[in-house]
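> Chain residues, written in single-letter form:
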Amino acid sequence: MDDLYRELIIDRYQNPRFSGTLDPHTHSYEDDNPVCGDHIRIDLRVDDKDVVTEAKFTGEGCSISQASADLLMEKITGMPVAEVRTLAKQDILDLLGIELGPVRLKCALLSLKVLKGGVYGLDEVMSLDELAES
Amino acid sequence: MDDLYRELIIDRYQNPRFSGTLDPHTHSYEDDNPVCGDHIRIDLRVDDKDVVTEAKFTGEGCSISQASADLLMEKITGMPVAEVRTLAKQDILDLLGIELGPVRLKCALLSLKVLKGGVYGLDEVMSLDELAES
Amino acid sequence: MADTHTMDIKRIRADFPVLDVEVKPGVKLVYLDSGATSQKPVQVIERMNQYYRAENANIHRGVHKLAEQATEDYEGARGKIAKFINAAKSKEIVFTRNATESVNLVAHTWGRSNLQAGDVVVLTEMEHHANLVPWQMLANERGIRLEFIPVTEGGVLDMSALPGLLELKPKLVSFTAMSNVLGTITPVAEIVKAAHAAGALAMVDGAQSVPHLPTDVQALDIDFLVFSSHKMLGPTGLGVLYGKEALLEAMPPFMGGGDMIKRVKLREFSTAGVPHKFEAGTPAIAEVIGLGAAVDYLNEIGMEAIAAHDRELTAYALERLEEVPGVWIFGPGIEHKSSNASFTLKGAHPHDVAEILNRHGVATRAGHHCAMPVHEKFGVPATTRASFYLYNTKEEIDTLVEALYQVKEIFK
Amino acid sequence: MADTHTMDIKRIRADFPVLDVEVKPGVKLVYLDSGATSQKPVQVIERMNQYYRAENANIHRGVHKLAEQATEDYEGARGKIAKFINAAKSKEIVFTRNATESVNLVAHTWGRSNLQAGDVVVLTEMEHHANLVPWQMLANERGIRLEFIPVTEGGVLDMSALPGLLELKPKLVSFTAMSNVLGTITPVAEIVKAAHAAGALAMVDGAQSVPHLPTDVQALDIDFLVFSSHKMLGPTGLGVLYGKEALLEAMPPFMGGGDMIKRVKLREFSTAGVPHKFEAGTPAIAEVIGLGAAVDYLNEIGMEAIAAHDRELTAYALERLEEVPGVWIFGPGIEHKSSNASFTLKGAHPHDVAEILNRHGVATRAGHHCAMPVHEKFGVPATTRASFYLYNTKEEIDTLVEALYQVKEIFK
Ligand SMILES: Cc1ncc(COP(=O)(O)O)c(C=O)c1O
Ligand SMILES: Cc1ncc(COP(=O)(O)O)c(C=O)c1O
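Chains as they are written, first to last, in this note's numbering: chain A, 1 to 134; chain B, 1 to 134; chain C, 1 to 412; chain D, 1 to 412.
Hints are all accurate, no fakes.
Using 20 Å as the maximum straight-line C-alpha spacing, the simulated EDC-like pairs for lysine to aspartate or glutamate come out as follows: (1) C:Lys265 x D:Glu141; (2) D:Lys408 x B:Glu7; (3) D:Lys377 x C:Glu268; (4) D:Lys89 x A:Asp129; (5) C:Lys80 x B:Glu130; (6) C:Lys346 x A:Glu60; (7) C:Lys24 x D:Glu55; (8) C:Lys262 x B:Glu30; (9) D:Lys244 x A:Glu130; (10) C:Lys408 x A:Glu7; (11) A:Lys89 x D:Glu72; (12) C:Lys89 x B:Asp129; (13) D:Lys346 x B:Glu60; (14) D:Lys80 x A:Asp129; (15) C:Lys24 x A:Glu99; (16) D:Lys83 x A:Glu130; (17) C:Lys408 x C:Glu323; (18) D:Lys346 x D:Glu323; (19) C:Lys262 x D:Glu125; (20) C:Lys265 x D:Glu125; (21) C:Lys412 x A:Asp11; (22) D:Lys408 x B:Asp3; (23) C:Lys24 x D:Glu68; (24) C:Lys265 x B:Glu60; (25) C:Lys265 x D:Glu376; (26) D:Lys80 x D:Glu300.
Worth flagging that the hints you see were computed from the coordinates, not collected in a lab.
Can you make the complete structure from the sequences, with help from the hints?
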């Protein structure tokens with residue numbers, strides 16, 4: 001099978017484990033990739049010890065953007081917010097386990113961008129361009 | 001001597017015969033060539049038989065524009081207005097007796113443009129571009 | 001309908017060096033993305049080459065040999081382009097950066113001097129953002145009102161809505177002659193005529209149509225036409241605005257600077273005549289000369305032949321794509337369409353589709369194609385688009401379809 | 001002062017194919033018109049060639065190989081250009097059609113959102129029309145007030161007038177870093193500092209300076225810088241606007257269309273981030289990549305070496321021209337000047353001078369050089385300008401001077 005389309009990615013795309021919304025939630029944030037129209041919304045529950053207890057996403061987009069969102073939700077569940085803040089481009093690439101060209105890289109990073117926007121409560125932490133170049 | 005700079009042209013440039021203004025005049029009109037900033041003003045006296053009895057010009061510009069103005073004033077002195085109206089690009093080229101590239105052609109035609117504007121009493125009879133392409 | 005035999009495709013393909021590129025060893029490029037930008041024949045590439053190697057000079061203001069030559073070539077190309085769309089005069093052709101800038105020029109200059117709050121501009125639901133956002137900006141600034149000719153389920157303009165819209169007494173009807181998403185060819189003559197009868201001007205977005213169909217602005221009585229060099233075999237960095245002389249004359253200038261003036265003092269200026277009034281600063285000289293060469297090339301092949309070829313390919317593509325289970329093609333059937341096919345494939349995102357096609361050498365485009373509203377209309381955020389031009393072949397469409405089956409294999 | 005020996009002129013000249021052109025049999029081109037537009041080295045020409053032959057694709061929205069490559073090359077060139085002027089970030093570089101459009105962009109967007117009736121903008125009397133007319137247009141539209149730093153008899157800015165002008169609390173001081181007529185190098189750092197101290201922004205017209213002198217926007221603390229590709233070995237059809245990120249972020253968009261948006265609905269849009277917000281429609285892709293190659297070329301030679309070379313040639317030209325009876329050179333002496341010499345010759349119109357020089361192969365430019373006010377200031381409608389760049393030699397200046405004696409012979 002094609003490298004980029006590893007079974008893991010197709011599986012997560014076709015059968016996401018963390019898709020959905022959380023109500024109530026402590027954080028919710030959404031954004032899109034203007035280049036391709038991909039959209040991700042992330043809902044979080046963060047407890048009083050500043051740990052992510054639950055994370056869910058909804059969205060529309062390609063296999064890379066959706067699979068990376070699903071894998072990212074899995075990774076941050078149970079993670080202290082302080083650690084979430086340190087997540088970077090490489091963490092996403094490690095989750096996916098593939099090399100990506102510049103356009104698809106932004107697909108992969110959309111969920112990270114939304115997560116950072118949501119956790120930091122800022123509108124634009126870093127643009128997708130900046131995140132991709134980071 | 002260089003073809004373009006025939007003695008006739010240098011002579012008319014350095015010693016114009018029809019330079020000056022007419023007061024009173026029946027027609028006066030001025031315009032410039034925006035490409036090079038050349039400027040020509042033409043004053044005419046037209047009698048009640050519609051004949052140009054006197055023609056003078058003042059102006060600033062290159063040898064081609066000034067010499068062609070001087071030669072043109074000479075040509076139209078004593079000419080019925082009806083005939084002035086028919087003057088065209090080729091008449092100017094005949095007066096100068098030289099071939100001209102597209103840029104210098106506009107220098108040569110500036111006085112004709114001003115003359116037509118003055119005689120017809122219109123602001124823009126034909127643009128220099130159109131005159132040059134005519 | 002003519003067939004491709006009126007064109008020698010093999011000879012044409014030999015003119016386009018990019019068609020020899022391999023996207024990876026052994027996998028030849030199948031370029032089906034001409035709707036985004038066309039490839040360039042050697043005749044165009046070499047003409048610009050020649051300009052930069054032996055003729056390069058700034059124009060209009062120079063008396064030295066290169067400058068005179070460049071001026072003549074630049075203005076000569078303007079003449080060729082005027083003739084290509086049958087404009088009455090060369091001066092009705094204004095050079096801009098791209099079709100987008102051409103629309104903005106009209107919105108800024110004609111728009112700001114003719115539209116007041118409440119005035120209506122009619123667009124269509126299938127417009128490219130280029131013919132939408134400039135009017136939205138003017139709506140925000142001026143309070144003008146935008147109304148839209150709807151798109152039917154079948155992907156054509158709902159012409160039954162036009163009379164009602166024209167009762168609003170719009171000042172302008174601005175619409176695409178060919179949709180870059182649906183491929184729809186709109187009834188230009190009919191809309192222009194109706195617009196004029198209602199007292200509106202008619203502006204046509206020809207970014208897709210001018211490269212693919214013969215265009216006659218006088219026969220169609222179009223007031224403004226915009227198009228881009230890069231989609232019609234010419235270089236990037238150049239767009240065209242056609243406008244009727246009287247309209248252009250009456251419009252205030254767009255940008256200020258050199259070449260658009262007659263006289264300048266410290267506190268005042270007077271403007272040059274049309275078209276220079278709208279061409280501030282050093283223009284895209286090499287690019288204009290390049291577009292002149294592109295127009296020569298298109299003329300030599302013949303726009304009728306190109307239109308027939310593009311249509312035949314499109315018909316074939318529709319036929320082949322319809323065979324693929326799960327494919328949904330947007331837009332009308334071949335009787336109202338040419339030059340592209342946008343589609344979705346069930347279970348696979350358009351982005352993934354394009355990516356996997358690319359691995360088989362097939363270059364298509366995925367996304368909203370700068371026409372979000374028409375995607376929203378059809379309820380999809382994105383499509384994959386294959387678009388065709390004079391150098392494409394039926395074999396390339398076969399390759400596309402085969403590669404689509406590979407996509408299905410992955411997303412089974 | 002470095003001398004030309006730090007540059008291998010012979011090798012440099014070999015890179016510029018146009019320098020082999022003969023304007024007529026046996027008469028080699030002596031190109032002294034780089035102030036209007038520079039010639040291009042093969043490295044730039046071939047880079048664009050390569051793009052059109054093997055890489056041509058529209059950018060940003062494509063996932064196929066050519067589109068990804070073109071996007072990377074386009075954005076990579078943006079990075080090179082940012083570095084060339086030492087911008088802090090690539091996104092501070094906006095691509096436009098030419099320097100003129102860059103000024104217009106600032107006047108339209110920053111100007112319309114920051115300037116009210118009565119607000120003062122300070123320019124200078126030596127501005128090119130590009131940095132004059134856009135502000136006049138805004139003055140006509142908005143009632144802003146233009147004031148001017150005067151030019152002295154000696155052809156430099158009268159800096160003693162600046163404090164008085166700054167007491168008017170201008171919102172912007174916009175000025176050229178190098179006059180295209182007088183060759184004057186203005187005290188950029190000093191003016192920017194004074195402007196900032198008075199609460200004004202500082203915008204620099206670098207159309208002439210960026211090709212000829214090292215530029216460091218951060219060290220100079222410039223707010224906006226404009227320049228043109230075609231004057232710095234790059235292609236036509238491309239200009240640059242540098243703006244500090246925070247300023248660009250705060251400015252509304254200029255033109256509407258594809259690529260400058262985030263989302264579009266039929267009646268509303270939201271804008272993309274900087275710099276894309278200002279780059280509506282398909283950009284000048286080949287040209288941007290070409291300018292990237294030009295910047296590589298300039299860097300390889302070194303801007304310090306180029307500046308020294310241009311200055312040495314200018315000094316030599318002033319010296320030689322002064323020898324010619326009847327020649328009047330405009331502008332300051334070599335201590336404040338570089339890269340060009342504008343002059344008149346008694347008894348001969350500048351247009352005639354340039355024409356006769358051309359017959360000897362010497363390409364100069366005659367006219368007002370798009371700077372009528374400074375000509376008016378010096379009481380002449382036109383000058384003949386010889387301008388120099390890295391490929392010029394002292395021998396070429398000798399040819400110019402010999403040809404000038406021929407002009408005198410004709411107009412004796
Ligand atoms: C000082 C100066 N500013 C601005 C410009 C305008 O450049 P462009 O014509 O490339 O827009 C020029 C070039 O003519 C110039 O010399
Ligand atoms: C229908 C249509 N209009 C306008 C445009 C804008 O063209 P450009 O990006 O060259 O300005 C395009 C091309 O993307 C198009 O397809």
